[in-house]
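Given the coordinates of chain A, work out where chain B should sit on it, guided by the hints.
2 protein chains.
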Amino acid sequence: MWQSVQISLPPWIEDVAPPELIVDTLEERMRLVVQLANRNVEAETGGPFGAAIFETESGRLIAPGVNRVVPSNIPTAHAEVMAISIAGQMTGSFTLAAEGMPAAELVTSSEPCSMCFGAIPWSGVRKLVSGATAEDAEAIGFDEGPKPENWIQCLEERGIEVVAGFLAEEAGAALRAYGEGGYEVYNG
Amino acid sequence: MWQSVQISLPPWIEDVAPPELIVDTLEERMRLVVQLANRNVEAETGGPFGAAIFETESGRLIAPGVNRVVPSNIPTAHAEVMAISIAGQMTGSFTLAAEGMPAAELVTSSEPCSMCFGAIPWSGVRKLVSGATAEDAEAIGFDEGPKPENWIQCLEERGIEVVAGFLAEEAGAALRAYGEGGYEVYNG
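So the protein sequences, as listed, match chains A and B. Anchor point for the first sequence: position 31 equals 31 in my numbering, and the numbering is continuous, going up by one each time. Anchor point for the second sequence: position 97 equals 97 in my numbering, and the numbering is continuous, going up by one each time.
This is chain A alone, in the form it adopts within the complex:
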C-alpha cells in the first residue's frame, strides 16, 4: 500500500515559533528564522535552514518551517516548502493570495534553492526576504540547484517583492558554524 506524504515539524518548534506569535519588525522575523535554523541543528532534527511565513502588516506568524530532509527521508522537505505547505493547510487555502487574505511574506534564513524558488509563485506570498547568500550555502557544500540567473527579476515580474541578503552576515554565520561542526551535508 502506498504511504501518504507525512512530514512533521520537530517537537521543539512551538518553543521558538508558537501559533499566534506576532513578530513586529523584519529584523526580528529574520532573527527568528535564523534561530529556527540553529535550533534545528542543535536538536539534530534536520539541516541548517529555517523559514516562516508572516502576515506582512500585522506580523502574525502563519507557518514556520525547518529543513526535514534527512529525518523524513523526503528530499523536498526544505524549510521553505515546509512553511508553504503548512501555511496552505493552516489557512485552508492553496494560495495565500486568495481574495480577502492579508498580504503574506516568506522569510528564509538562506537564499531559496531551485525548487523552493519555483514554489514561491504558487504559494501566493507577495514578498520574499532571504538571509544568507547562495555562496554562503555553497561554501559549506550545499547545492543551490539550477535557478535562472535573473531569479530576482523573475519573481518581481510576478509581483513578488524580493529582499535578498537581509542580515546576511548573521544568517551566514549560522551556516558557517554548521560547516565547521562537521555535520552531514546532503544535496540541498
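Computed Cβ-Cβ distance ranges for the label pairs, DEER-style: (1) B:E57 <-> A:A103: 44 to 54 Å; (2) B:E161 <-> A:R176: 30 to 40 Å; (3) B:S4 <-> A:E44: 10 to 20 Å; (4) B:P102 <-> A:G141: 23 to 33 Å; (5) A:Q35 <-> B:E169: 51 to 61 Å; (6) A:R60 <-> B:N150: 38 to 48 Å.
In silico negatives: residues of chain A with every beta carbon more than 10 Å from chain B: (7) T25; (8) R31; (9) E138; (10) E161; (11) E170; (12) G179; (13) Y183.
These are calculated hints, taken from the structure and not from any lab test. All residues carry an ideal CB built from backbone N, CA and C; glycine is no exception.
Leaving out everything else, chain B in the frame of chain A:
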C-alpha cells in the same frame, strides 16, 4: 498547534498503479501516468497531472503521484513532488541515487513546472521523461513558472537524461480534454 504536512494519494490510486507493478516499456510507463492524470480528473481528486518513478531497468514502480493541490490546500502538491516525496518515504532514502540503489526515472504526463524542475536534482532520479509540453499546459491556463530557458541542459549537466515531449500528442490530448471540460484551473 502546528499541523504536520499530510498529503494522501486518492483512494483509487491502487486500482491503476498498485505497489510492485512492473511496467516494461517507456510507452507503457507514459500511458500509465497519462491514465493517472485522466483518472484524477474523472474522480475529481485533483488537477490533470500524473507522474511516477520507476526503476529504469526492471520497470518496477517505486512511487506514483497525482496533483493534489486543491483537495489538500497545499500548493506544492504537484504530481512530481508527490511521486518524489512518496519514493523517499517508501525507500527510506532521501535520494534515489544512494549507493546500491538501481537507477530510477521520473515519468510525468506534462513538462515539469519551475518547482518540480528544481526538485528533480534532489530526488536522485537519473532520467526524466515528460509528455505534454509547457505550451499544452499553458494553452489551457496553467502557469509553468520561471524555469531557466535551457532547463533541459541544466539537468543533463547534472547527469540526468531528459526525454521531453514523449508521446506528446496523447499526453496533450488529456490536457485539452480537461481544458474543454470547464474544470477549475488554478496556478500550477
